[in-house]
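S.K.: Fit chains B and C to the supplied structure of chain A, relying on the hints for placement.
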Amino acid sequence: MNEVWQIFSELTKDKKKLEFIDWGINISVYNPFSGDTHLLNLFPFEILQFLLKKPASLYDIAEYSAILCDEEHTEQWNKKVLTVLEHLKALELIDYQNKSLC
Amino acid sequence: MKLLLKLLSDPECAVSYTVEDWDETIRFARHTHLLGHLYFLMERSSLLEKIPARVKNIMLGSSIYNRYFRIQARREMVHLAKQISTSKIPIVLLKGGAYIQAQLGAYSGRRLSDIDLLVAKSNLSTTEKILLSGGWQYGEVNEYDQHYYRDWMHEVPPLIHQSRKMEVDLHHNIVPPVSRIKLDASKLLEKALLIDNSPFYILEAKDLVLHSATHLFFNDELRGGLRDLVDMHELCMQFSKKENFWSELVPRARDLGLQRPLYYALFHLKLLLNTPIPIDVLSESAKDRPNFFTNWLMLHLIQGLIAPKNVENMKAPFAEWLLFVRSHWIRMPLPMLIKHLSYKIRYNTKNHE
Amino acid sequence: MPLSVLLKIAKTKGLNYSIGPFNICLKTDIPLFLETFVKMYASLPLINQACISDFHIQIKQKKGLRRLWHQQAVFTVDSSEPFEPYPYNLAYPLAEWGLNWCIALSAHQNIMLHSAVLEYKGLTVVFPATSGSGKSTLCSILMLSGWRLLSDEFSIIEPNSGKIIPIPRAIPLKNNSIDIIKNFSEKAILGPTFEGTKKGDVAHLAPTSESFLRQNEWGDPALVIFPKYDMNIRCNLSKEDKALSFVSATQNSFNYHLTQNRGYKALSTLIQKCDTYNLHYSHIDDAIKTLNQLVEDTVDKKTVVI
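Chains as they are written, first to last, in our numbering: chain A, 1 to 102; chain B, 1 to 353; chain C, 1 to 306.
It is worth saying that the hints were derived from the structure and are not from the lab. Treat the hints with caution; some may be incorrect.
As the list claims (entries may be wrong) - DSS-like mimics (lysine-lysine), calculated; alpha carbons at most 27 Å apart, straight line:
1) A:Lys54 <-> A:Lys89
2) B:Lys309 <-> C:Lys8
3) C:Lys163 <-> B:Lys56
4) A:Lys17 <-> C:Lys163
5) C:Lys11 <-> B:Lys6
6) C:Lys11 <-> B:Lys2
7) A:Lys17 <-> B:Lys165
8) C:Lys265 <-> A:Lys89
Just chain A, same shape as in the assembly (with noise of 0.2 Å):
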């Protein structure tokens, strides 16, 4: 629980830029350090969003979807997010980065 997740470090230089498009319920998302294009729905779109204003450890994050969704911010609920923020790092838009104990 000591991570802290954040934008794909890469994605943040040399005027790097995700490009998003709304699709109405898919959004898509070019993504420049690869190269590739992916198509989300609304729930990683809100995660990548929240991520782009700040780094935001699991916990935070859970919570924050958890109102968005109207849902009880569980252990459940924790796990489901887990899943998603790591299907985003597999698609190299975030990464976590462990937040030293001391």
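M.R.: Frame of chain A, contents of chains B and C only:
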């Protein structure tokens, strides 16, 4: 070919090119994979609006293509850096990857298809293990290939990450250990420099040029061709402002045993691209040329392949074959060469059946 | 110009012509090939002054003693031979295929789609191809019914304007389609049938002269239609979801990945500004009727808005 060479050495002459000149230049540039580089040169000299729109478009297409592979190379290097970050093993980037990471020479017009890494031989197997554990895998290699790479060559078989497509070549030397040229790679590693804002090292300026020369003139069939020469041209232009670069180049080559490829490189840089090499460096390097007959033959063969004169007959099969045998002769002692070539022939015929 | 004179030029300095945005210099020493070529591209003017060619291609008889008993045709671009030699009588399909290969591999300044593009009543319609869509047959019949052909299978988007650059080429028809087109219209100009190619029998249909004469007029796409041939279905047209259309368009492109953000921008703009439809059909007549109606309705709608 003259027109392309002229443009490479002096981009400003683009404004005087006629329609016929461009037609020929483009054909040679496409054949030598230099269209993207020409776009970069035109952009650097603010000439893009002064050349015919069709020419600009043709160059642009190639430039976009090259850019895609540079993006993929950067991406691969970021993942490599992450994977090796905890190991503390110094890893040197070679060639294209190094130029991109250190923003050297004409890196932004360049096309590259793989990432070349150099590590000390003592670190080779550890590095290989680290990469294998991070999702890199060997491409399709059979047992013979494994043996060829590991025992005779200066690298492990190419590695490719499962989810990306860029090939990573891990070397422990820039010439094969069985080659007739003995090169102590630790001398290169000693002088290597850490790249700014990067966990990777790069060869020192003189060694960069020497490696490029070695790569071009000791490679099968001079595969890199004019592109390698253009790399060296751009590097030399950039380094000529550096103190002691020119004065120490030939001594360094001799120290490493690479005076012969340097001689071929400097000779052709001057001849083909009019690179501003100081006269005394050229004459000092000329002392390292082979005997008269070999020299004559080599210069003839090299020019036929690097800078062919006729655009519709740019293949020179006999020259290619001679140089192929020669490059293997440099790299392998004779009995080994015969064994390798006979295997290669058998393997190729088998594949064609 | 008589064929013998053309052949002389084709053997020596080559025939220069523009097809869409590309200048081609073509050399050949195969009379049979040239005959078909002239039939297909009769309305295409030759360039007589010096020009910069995008591609220098050659389609020639393979040299060597073997040609005495086994003639073959070789495709060359500059000095490289990207393909194995073809049987001599297949020189024409080899040349068409070879030119596709040249364009697909190098013209990345544009975004390229594997789509047919046609224009009717001033409206440009894109038909992305999937296998089994019957696109070439549909495209041929539309063209022979008065639509202007911008491209049959190789459409080119100019990324800054989002417009489509025409590149009218001979349409390769396969197997049953050949007879369908022959029977459809007397105006159809068809080349010889090449039997037993990898794709079965192939014959080429020449673009209409209007398609050639207006090849420099770029099209502003208004409709994207995904055709699908299905013998068990009544003809129906339905709106396609935009996100799915966008994904299909990226998969339909030859160089979407290579062109990076340019490709992303071009294809997303295309789908955003076009109405996108699925067209399922079993009878080509119904499909044509439906498409004509759709274009007329769309034109009316636009007029009302103005």
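S.K.: So, for every hint listed, does it hold in this structure?
M.R.: Structure-based check of all given hints:
Of the pairs offered as hints, the one joining lysine 54 of chain A and lysine 89 of chain A holds, with about 16 Å between alpha carbons and a cut-off of 27 Å not exceeded. Simply put, lysine 309 of chain B and lysine 8 of chain C have alpha-carbon atoms about 25 Å apart, close enough for the 27 Å limit, and the pair holds. At most 27 Å may separate the alpha-carbon atoms for a hinted pair to count; lysine 163 of chain C and lysine 56 of chain B meet this at roughly 19 Å. For a cut-off of 27 Å, the pair hint linking lysine 17 of chain A to lysine 163 of chain C stands: about 26 Å separates their Cα positions.
Taken as a hint, the lysine 11 of chain C and lysine 6 of chain B pair is broken in the structure, with Cα atoms around 30 Å apart against an allowance of 27 Å. Under the criterion of a C-alpha separation no larger than 27 Å, the hint pairing lysine 11 of chain C with lysine 2 of chain B is consistent with the structure, at around 26 Å. For the hint pairing lysine 17 of chain A with lysine 165 of chain B, the CA-to-CA distance comes to about 23 Å; that is within 27 Å, so the pair holds. The suggested pairing of lysine 265 of chain C with lysine 89 of chain A holds, with an alpha-carbon distance near 24 Å, which does not exceed 27 Å.
Hint 5 from the earlier list is the only one contradicted by this structure; the remaining hints agree with it.
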